[in-house]
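Going line by line, the protein sequences match chains V and S. The numbering of the first sequence is our numbering, which starts it at 1 and goes up by one. The numbering of the second sequence is our numbering, which starts it at 704 and goes up by one.
The set of hints was computed from the structure by calculation and includes no laboratory data. Keep in mind it's a predicted model, so treat the numbers as computed, not measured. Check the hints yourself; a few may be wrong.
Each computed SDA-like pair below joins lysine to any residue, with the alpha-carbon atoms no more than 20 Å apart [said to hold, decoys possible]:
1. V:Lys668 to V:Ala72
2. V:Lys580 to V:Ser566
3. S:Lys945 to V:Lys123
4. V:Lys193 to V:Glu147
5. S:Lys967 to V:Glu147
6. V:Lys475 to V:Met454
7. V:Lys169 to V:Glu232
8. V:Lys480 to V:Glu443
9. S:Lys945 to V:Trp672
10. V:Lys488 to V:Val426
11. S:Lys945 to V:Lys580
12. S:Lys945 to V:Pro33
13. V:Lys668 to V:Phe39
14. V:Lys237 to V:Pro296
15. S:Lys945 to V:Leu23
16. S:Lys945 to V:Arg693
17. S:Lys945 to V:His31
18. S:Lys945 to V:Gln698
19. V:Lys278 to V:Gly320
20. V:Lys475 to V:Lys488
21. S:Lys945 to V:Glu30
22. S:Lys735 to S:Glu927
23. S:Lys945 to V:Met628
24. V:Lys106 to V:Gly453
25. V:Lys475 to V:Gly453
26. S:Lys945 to V:Pro296
27. V:Lys655 to V:Thr674
28. V:Lys480 to V:Ser532
29. V:Lys123 to V:Val140
30. S:Lys945 to V:Arg694
31. S:Lys916 to S:Leu978
Chain S residues, not near chain V, derived (Cβ > 10 Å throughout) [unchecked claim]:
32. Tyr784
33. Gly841
34. Asp906
35. Ala923
36. Lys945
37. Met948
The beta-carbon is built from N, C-alpha and C at its ideal position, and this holds for glycine as well.
Given next are the chains, with one letter for each unit.
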Amino acid sequence: MSFLAPLFLIGTLAVALPVVFHLVRRSSKEHMPFSSIMFLQPAPPRVTKRSRLEHILLLLLRCLVVCLLALAFSRPFFQRPMTASPLPEATGRAVVVLVDTSASMKREGLWAQALDRVDAALKQTGPGDQLEVLIFDRRVRTVVSFEQWNQMDIGQRAALTLARISDIKPGWSSTQLGGALIAAAESFAEADKEGRNLGRRQIILISDMQEGARLDGLQGYEWPRGTEVQVEPVEPKRPTNAGVQWLAANDDSANAGTNLVARIRVSNSANATREQFKLHWADIPGAAPSDVYVPPGQSRIVPAPPLPANAIGERLVLTGDDDDFDNTVYVLQPQAEHVSVLFAGDEPENDPAQPFYYLKRAFQPTSREIVEVTARGSSAELTPTDLAGARLLVAANNLPDSRMTALQTFMAGGGTVLFVMTNASVAGDVGRLADADGFTADEITAPNYALLGMVDFNHPIFAPFADARFNDFTKIHFWKYRRVDASKLPGARVLAKFDSGDPAFLEIPRGNGRLLVLTSGWQPADSQLAVSTKFVPLLCSILDLSGGIHSTLAQFHIGDEVDLASLTPAAITSSLSVRKPDGAVVQLAAGETRFSDTDLPGIYAVTSLQPAVRFAVNLDGAESRTAMLPADELQRLGVPMKAREIAVSAQIEQKRRLHDSELEDRQKLWRWLTLTALMVLLGETFVAGWLTRRTAVQTGAQS
Amino acid sequence: MRGLAEPIQSTRAASAASGRPLIDPATLMSIKNLELRARVVVEGFWHGLHRSPYHGFSVEFSEYRQYSPGDDPRYLDWKLYARSDRYYIKKFEDETNLRCHLMVDQSRSMSYGSLACTKAQYANTLAATLAYFLSLQGDAVGLLTFDERIRDYLPARHRPGHLRHLMIRLEQPPAGNATDLAAPLHRIVRTVKKRSLLVLISDLLGPIGTLEKDLTALAACGHEVMLFHLLDPAELTLSFDKAVMFRDVETGRQVFIDPVTARKGYVQRLEAHNLNVQIACRRLGIGYRRLTTDRPLELALFDFLRERMQRGKRIRRRAG
């Protein structure tokens, strides 16, 4: 007989309890009054001698109950030989080795560990196994595919694969772990599609499992059946790692011309052992470093250390942590862009009754841009240079014929003309600009006031106002406007209408540019538009549409695709060439404005443009979060994790236990033992009752 | 150990004297009325006395009177005749010149009884019997009941109705906790100026030092003192077999006692206590009789008279 829980057999020692209870003379709770106890000495209950054991039958029954219960709890069963083989079957496996080559793997010793793990994984493969090696950072690349593996000589497979991966070094990219795992799972699916017979599917993930790894997509991913992921983490020798990030100033609030102080975020890893660091400008002699205190797992935003006069710092370096890979950040001070807006008219600058007064004051210089509104009177010529530098041309009065041609040329070249109809007589000029002869307008004075009844928020000009918080135009009252017939303007699109149904704002495409017509002026005589909160945003929106404002975000991360066209206001006509930080020059194809070869941190320069456009490429800040992911994070996201490999002996033991458990469950001897114990208890109760009655009868007879 | 042997001899003598079975105390206690019980005992005692060689005794020896014809020759004192060659008749005092004060302990310990009657019942019956007997003889009887303080006091009188009052007082149940002889003795000494017979009935369960001191004080007053030391048979032998919690009826203290193991020590300590009391009594000239509640009351009465007689002899011997 065997036992499933033999430890419970210790419970049989409890058989001593009934014996002791029988030996102890029962100390009665009965009280006896006595005249005086002055001559009595208190005595403890005494144990009778062994020879004075009373009620042997009862004692035996009680001992039997204890033994039966202990036996039942130890779950006895009759052993039978195991039929099945205890060892798992060995079949061919399909293994994808997924190796992390992100920037955090540049830490000391990690890549060597990773190679060792790859080597170990390769050594574990059998002749029937199929293997694929993928490396990943922000993207996933194949080093050895299933097909290549199968084509290799069986004896050379491991060595060849290891040689290939040994040539690779970790890059500077961030870690897209989620995408990499999904790609690895998908590679099984592709192999299936190709009709390759895959056995057990296993993904061996060799990574530093850093906290900053992105796990997008894993949450909802449905893993193919039979796939299991085995994580082989590599661990750094020294845990402290602090990283720096440049917080590029994207706000327009700063005053133009002021030299912005770069703000730097210094973050420290959660498992760090140090918290004091130093930040200094590299390559700037005489620049004093600044101390930064960052507790483990936290980050601090600090201003960059001060620079000596007239010095331009572009490289900030953090010192004091264990790993250098993320300690350098490249900083470019933003340059304000000069935008020119022309006003065609003779109006004096300081007359508040005229539209120009408000236009001149609408564009305040900011750190990103400096808009210069220039008036060109009818006597002055609109030179091609003026027009080439202008992004927007605003007209409010009748235009001489000489200007008509210039404006049409300007619009054909992609310029935007905003015609503000301050009176009905300018309708002819509008018609001429729009190629609509005989275009007329009627002067309308609203009996009370007119409102904008319809606004096309889908148009880029009004799109910024689409939000419910900003789309209220009812505060703007129009006293006068010019009624025009939009259908007479070819291709005209009404962007806003008055509540009377008359067009208020029209867009007529002309060549590459456009003509915008506002049928009411913004000066107080016509409307409240100039004094409303919508005026400046509207003009900025028009200027934006006309290509006047460019993105000045000149910071990118490794792997980002950079749209060079957005970095320069100038038109790109020739093919672009970009100089990388290491000095290599990349020539883009003609017409190609997107640059994606941002694989090194540093300052990139588009050398083919005058002046040269520069942008900084930095390491992704997430790479600095090098603390290990929580152990169960992947499991929580539904990744089928593989249990730790257990030794064969342990497997046999586990199997044997399972077999025993099944046998015991089938035989259920404990039930019979418990039943017997209950029967014995009943018998004991009966015997005890009988003995008590007999004693009572004897006592009665004696008394 | 003469003291211990005396009751046995007395029993035999009494049995031989009466010639009829003595009344068992258990049977006697079935009579509810105390006075009736006393009467039964005394009458039974008188009944047997007619055949007894000791009959004719009275409580108080008075004087010798010269024989004159017609006197009962039974009262001739032959020993005096042998010495003086003259006939003398012993004359006994019939008048109420004997004052007897019965001092009955009514502490809680007296309420203990392992047999049919408690020590208190036995003591009351004994006191009632003595009172009735003395009353019949025309003596004045007083009563003092006490525990740790005096509960009742009746001065010694001989008048109609006094005996009844005395019986009523005796029938009150014991109430006190401890036994304290000092207070009642002080009261007696202060109240009773004339020489009296003081009969103390108690179980004397108290520290021997205090008891001895109290008895000394009593004896020093010049009264004739007689002590009935009353004990239950179970108290003498601790005749229990079950180990139980023993509760002291006076103090309420509880201790676990296994009689089998505790018996030997208990009997030794009790005997030592009794012996000390006895020695003290002998030293102080106090008549000492130990009674157990299973002893027929006639014998107790007999003990009383015998003690009186022996005391009389001692006095005569001392006088002669």
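Tested hints:
1. V:Lys668 to V:Ala72: Judged against 20 Å, a Cα distance of about 9 Å means the pair holds.
2. V:Lys580 to V:Ser566: Given pair V:Lys580, V:Ser566 holds - Cα atoms ~19 Å apart, limit 20 Å.
3. S:Lys945 to V:Lys123: violated, 84 Å
4. V:Lys193 to V:Glu147: The hint holds at about 13 Å.
5. S:Lys967 to V:Glu147: At roughly 105 Å apart (the allowed maximum being 20 Å), V:Glu147 and S:Lys967 break the hint.
6. V:Lys475 to V:Met454: Holds - the C-alpha atoms of V:Met454 and V:Lys475 are around 14 Å apart, at most 20 Å.
7. V:Lys169 to V:Glu232: holds, 18 Å
8. V:Lys480 to V:Glu443: holds, 7 Å
9. S:Lys945 to V:Trp672: violated, 42 Å
10. V:Lys488 to V:Val426: Holds, at roughly 15 Å.
11. S:Lys945 to V:Lys580: violated, 108 Å
12. S:Lys945 to V:Pro33: Roughly 13 Å separates the two Cα atoms, so the pair holds.
13. V:Lys668 to V:Phe39: Distance of about 63 Å is beyond 20 Å: violated.
14. V:Lys237 to V:Pro296: holds, 17 Å
15. S:Lys945 to V:Leu23: holds, 16 Å
16. S:Lys945 to V:Arg693: Since the Cα atoms of S:Lys945 and V:Arg693 sit roughly 19 Å apart, the hinted pair holds (cutoff 20 Å).
17. S:Lys945 to V:His31: With Cα atoms ~11 Å apart, S:Lys945 and V:His31 stay inside 20 Å; holds.
18. S:Lys945 to V:Gln698: holds, 16 Å
19. V:Lys278 to V:Gly320: With a Cα-Cα distance of about 6 Å, the restraint between V:Lys278 and V:Gly320 holds, given a limit of 20 Å.
20. V:Lys475 to V:Lys488: The given pair, whose Cα atoms are some 30 Å apart, is violated under the 20 Å limit.
21. S:Lys945 to V:Glu30: holds, 10 Å
22. S:Lys735 to S:Glu927: violated, 32 Å
23. S:Lys945 to V:Met628: Violated, because 75 Å separates the two Cα atoms, which is more than 20 Å.
24. V:Lys106 to V:Gly453: violated, 62 Å
25. V:Lys475 to V:Gly453: Holds: V:Lys475 and V:Gly453 sit about 12 Å apart, inside 20 Å.
26. S:Lys945 to V:Pro296: Violated: S:Lys945 and V:Pro296 sit about 77 Å apart, past 20 Å.
27. V:Lys655 to V:Thr674: violated, 28 Å
28. V:Lys480 to V:Ser532: holds, 16 Å
29. V:Lys123 to V:Val140: Judged against 20 Å, a Cα distance of about 24 Å means the pair is violated.
30. S:Lys945 to V:Arg694: Roughly 18 Å between the alpha carbons, so the hint for S:Lys945 and V:Arg694 holds.
31. S:Lys916 to S:Leu978: Given pair S:Lys916, S:Leu978 holds - Cα atoms ~16 Å apart, limit 20 Å.
32. Tyr784: holds, 52 Å
33. Gly841: Check passes; 37 Å lies beyond 10 Å.
34. Asp906: violated, 7 Å
35. Ala923: holds, 27 Å
36. Lys945: violated, 6 Å
37. Met948: The assertion about S:Met948 is violated, with a minimum of 5 Å to chain V.
In summary, the structure is inconsistent with hints 3, 5, 9, 11, 13, 20, 22, 23, 24, 26, 27, 29, 34, 36, 37 from the numbered list given earlier, while agreeing with the others.
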